[in-house]
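Participant: Model the placement of chain B on the given structure of chain A, informed by the hints.
Those protein sequences? They're chains A and B, same order as listed.
Letter by letter, the first sequence follows residues 4 to 279 in the numbering used here.
Letter by letter, the second sequence follows residues 365 to 744 in the numbering used here.
Hints were generated in silico from the structure; no laboratory data involved.
Don't take every hint at face value.
Once the Cα atoms are required to be at most 20 Å apart in a straight line, the calculated EDC-like pairs of lysine to aspartate or glutamate come out as [stated by the list, open to error]:
hint	chain 1	residue 1	chain 2	residue 2
1	B	Lys641	A	Glu127
2	B	Lys495	B	Glu484
3	A	Lys29	A	Glu239
4	A	Lys192	B	Glu494
5	B	Lys640	A	Glu127
6	A	Lys78	A	Asp50
7	B	Lys495	A	Glu202
8	A	Lys62	A	Glu209
9	B	Lys520	B	Glu552
10	B	Lys506	B	Glu484
11	A	Lys29	A	Asp237
12	B	Lys519	B	Glu490
13	A	Lys277	B	Glu548
14	A	Lys192	B	Glu493
15	B	Lys495	B	Glu482
16	B	Lys495	A	Asp193
17	A	Lys258	A	Glu270
18	A	Lys192	B	Glu635
19	A	Lys277	B	Glu484
20	A	Lys192	B	Glu490
21	A	Lys277	B	Glu482
22	A	Lys277	B	Glu488
23	A	Lys195	B	Glu490
24	A	Lys277	B	Glu552
Away from chain A, derived, C-beta distances all over 10 Å, residues of chain B [what the hints assert, rightly or not]:
hint	residue
25	Cys435
26	Lys436
27	Ser679
Residues from chain B shown here face chain A by an in silico Cβ test under 10 Å; the list is partial [claimed, not checked]:
hint	residue
28	Leu441
29	Ser442
30	Lys580
31	Gly592
32	Val607
33	Ala609
34	Ala612
35	Gly630
36	Ile638
37	Leu642
38	Leu652
39	His655
40	Gly656
Quick caveat, the model's predicted, so the values are computed rather than measured.
For every residue, glycine included, the Cβ atom is placed at its ideal position computed from N, Cα and C.
Each chain, written out:
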Amino acid sequence: MSKGADFLSAYDRVRLARAKGRPTAKSYIHQIFSGFIQLHGDRRFGDDPAVIGGVAVLKHMPVTVIGIERGTDTKSKLAHHFGSPNPEGYRKALRLMKQAEKFKRPVICFVDTAGAYCGIGAEERGQGQAIAENIMEMMGLRTQIISIFIGEGGSGGALALAAADQVWMLENAIYSVISPEGCASILWKDAKQVEAAAENLKLTAEDLLALGVADRIFQEPVPGEKGRREEGLDFEYLCDSIREALWESLSVSRKLDMQTLLELRYERFRRFGKRP
Amino acid sequence: MKLNGIFKKPKNELEHQGRKPKAIGGVKKKPQEKELPGRFQKTPEISEENRQGQEPQKEKPREAVRVCPACKKEIPLSVLSRSYYVCGCGHHFRVGPRTRIRMLADRDSFQELFSQLESENILEFEGYEEKLEQARAASGEKEGVVCGTAEINGKKCALFVMNSFFMMGSMGTVVGEKITRLFEYALEHRLPVVGFTVSGGARMQEGILSLMQMAKTSGAVKRHSQAGLFYLTVLTDPTTGGVTASFAMEGDIIMAEPGATVGFAGARVIEQTIRKKLPEGFQKAEFLLEHGFVDLITPRAYQRRVIALLLAMHSGQMVFASDEVEQRRSYEIDLAREARPERERNGEKEPGNFSCGSDENEDEENRKGMDTNQEEGAVI
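Pulled out of the complex, with its shape left as it was, chain A reads as follows (with noise of 0.2 Å):
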């Protein structure tokens, strides 16, 4: 962590994962890689636009890529559901992760969401059936999946695009349970708790990496810090970072053998909450 993000709170954290400007998913896929051709529908029922999904290259090597985009703007945000996945922006990714299981393609996902969508045709459709199917799909692929935080991670909804074998964040993208507004109004009774709930749920990605729920963590230029982006961190700078790391982290797993990879998948999980 840099000196000047030292002072900042979990809730302050999770103001930064929501705040208005943030970069989402849409401008990580095209900085990052080339070459991106977005890949449509799940063959069941629909389009989610809440998922962005398709094939681009990594350097010189051709991956899946999908993000839960929000967007950016009033018209784009409607447009995008507000980054809330239906069950069909779901069963798309799922789509997408099998046919680059086919093509031994490695997976990179980018998540940023409030939490899947709530409603009645996401419950009709089966919401919590499509994020079962995925978390359990995901964990028997048979091909590399790294999973990225760039922005909010909430609950299920994220986790259905993170079981994955490495879970990088952002500095201020935040992974949580429950937000901490339902939190405290659920246990608390009271809205104003949210800071304290913030803190409890562990919900930072310093916090993250020390319980090992993620294993990465990208510094990232923050709005109205100047220093940093003299320092040369700018949004730029983050997705060379990014796009380095991914290159060397998917060349030395592209080496292992399958099975092998799902049991360190397996085992990275295994370990939350194991008892002697």
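Facilitator: Just chain B now, kept in the frame of chain A:
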């Protein structure tokens, strides 16, 4: 809870019996039941005195009653405990894991596993220890799931039963660990898994580590599945949140109890989000069946038989005709007809070689549980 027209004539069991005062003990037993002992065990008997229900029992003082949330009738607990905790109108009361295991498993066949595991406040979440203490006291259990092996009509399986009376069955690291271990155990011993789910979701007091249990359990289910082993889930009221979005929906066959609420997002949260009243029957088992997310709805009185038959069919061996298989061409259960237990329609006495609710402790389990406020600790 409304049953939404699934039971076309929601007649009360007690009322019905009142109009049909036939002495149940007087009806002849079927001969084949004598000839084929040890086949499917029959459902337990509701004694005639208890069916009359309205009159308090003779020597005893006025006993504990429960009000059915569906038909608003008062039912003595002693009657409920003999009828699988199902009201005559078809409403299925929530039951604790020990009771459920005894209603399901062959007598004395249940061997508990991993019972020593207990939750700690790993994230030092404010007030969590007190919540755990309360939950332990209210439920008499160490955690929100009971795991073990059991035989169901002679078919051995690994079994987990979640507990709605323990922090609303919320999934923390211990619940995740126990279920994961059960799948690992079942994989090692090549056993099918039968799982009864009931949960408010992930346990927020364990934060992100609860969420990780969804991936952990799903990984274990996947391995078990890849080994060609059978996993049956039974969704009971309510199954929501992180449990729905992981192992509850990962069964090869998904069964649900009538009227059970099953969903991902909570109904209240959806209502607040969309600012609309939700349609009648939303997120009920029947709604899920209609939308293709459960395979079958099985009333509690039939679960043992249907589960035993499913286990037999997935055992990799031939299934030989038993009295059950012969008697019933199909288990396509007509819910309207089945709103009342079979024995009552036939008016015949069936010897139950286990009785349901005779154990003081288990009545206690449900008595306590039904009294506690269950919404506490419900999450996501």
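Participant: Compare the structure with each hint and give your call.
Facilitator: Hint check results:
1. Lys641(B) to Glu127(A): This hinted pair holds, its Cα atoms lying about 15 Å apart.
2. Lys495(B) to Glu484(B): holds, 11 Å
3. Lys29(A) to Glu239(A): The given pair, whose Cα atoms are some 14 Å apart, holds under the 20 Å limit.
4. Lys192(A) to Glu494(B): Roughly 17 Å between the alpha carbons, so the hint for Lys192(A) and Glu494(B) holds.
5. Lys640(B) to Glu127(A): holds, 16 Å
6. Lys78(A) to Asp50(A): Cα-Cα ~18 Å, so holds.
7. Lys495(B) to Glu202(A): holds, 19 Å
8. Lys62(A) to Glu209(A): violated, 29 Å
9. Lys520(B) to Glu552(B): Judged against 20 Å, a Cα distance of about 14 Å means the pair holds.
10. Lys506(B) to Glu484(B): With a Cα-Cα distance of about 11 Å, the restraint between Lys506(B) and Glu484(B) holds, given a limit of 20 Å.
11. Lys29(A) to Asp237(A): holds, 17 Å
12. Lys519(B) to Glu490(B): violated, 45 Å
13. Lys277(A) to Glu548(B): holds, 13 Å
14. Lys192(A) to Glu493(B): holds, 18 Å
15. Lys495(B) to Glu482(B): Roughly 13 Å separates the two Cα atoms, so the pair holds.
16. Lys495(B) to Asp193(A): Between Lys495(B) and Asp193(A) the Cα gap is close to 18 Å, so the pair holds against 20 Å.
17. Lys258(A) to Glu270(A): holds, 19 Å
18. Lys192(A) to Glu635(B): It holds: about 18 Å lies between the C-alpha atoms, which stays within 20 Å.
19. Lys277(A) to Glu484(B): holds, 12 Å
20. Lys192(A) to Glu490(B): holds, 14 Å
21. Lys277(A) to Glu482(B): Answer holds: Lys277(A) to Glu482(B) is near 12 Å, not above 20 Å.
22. Lys277(A) to Glu488(B): holds, 17 Å
23. Lys195(A) to Glu490(B): Status holds; Cα separation ~16 Å.
24. Lys277(A) to Glu552(B): Holds, because 18 Å separates the two Cα atoms, which is no more than 20 Å.
25. Cys435: holds, 27 Å
26. Lys436: holds, 28 Å
27. Ser679: holds, 23 Å
28. Leu441: Leu441(B) check fails; min Cβ-Cβ to chain A is 31 Å, beyond 10 Å.
29. Ser442: violated, 36 Å
30. Lys580: Interface hint status for Lys580(B): holds (5 Å vs cutoff 10 Å).
31. Gly592: This interface hint is violated because 14 Å lies over the 10 Å limit.
32. Val607: It holds, given that the least Cβ distance between Val607(B) and chain A is near 8 Å, below 10 Å.
33. Ala609: Holds. Min distance 4 Å.
34. Ala612: Ala612(B) check passes; min Cβ-Cβ to chain A is 7 Å, inside 10 Å.
35. Gly630: Hint on Gly630(B): holds, closest Cβ of chain A at ~9 Å, below 10 Å.
36. Ile638: It holds, given that the least Cβ distance between Ile638(B) and chain A is near 6 Å, below 10 Å.
37. Leu642: Since chain A brings a Cβ to about 7 Å from Leu642(B), closer than 10 Å, the hint holds.
38. Leu652: It holds, given that the least Cβ distance between Leu652(B) and chain A is near 8 Å, below 10 Å.
39. His655: holds, 5 Å
40. Gly656: Interface hint status for Gly656(B): holds (8 Å vs cutoff 10 Å).
Checked against the numbered hints given earlier, this structure breaks hints 8, 12, 28, 29 and 31; the rest are met.
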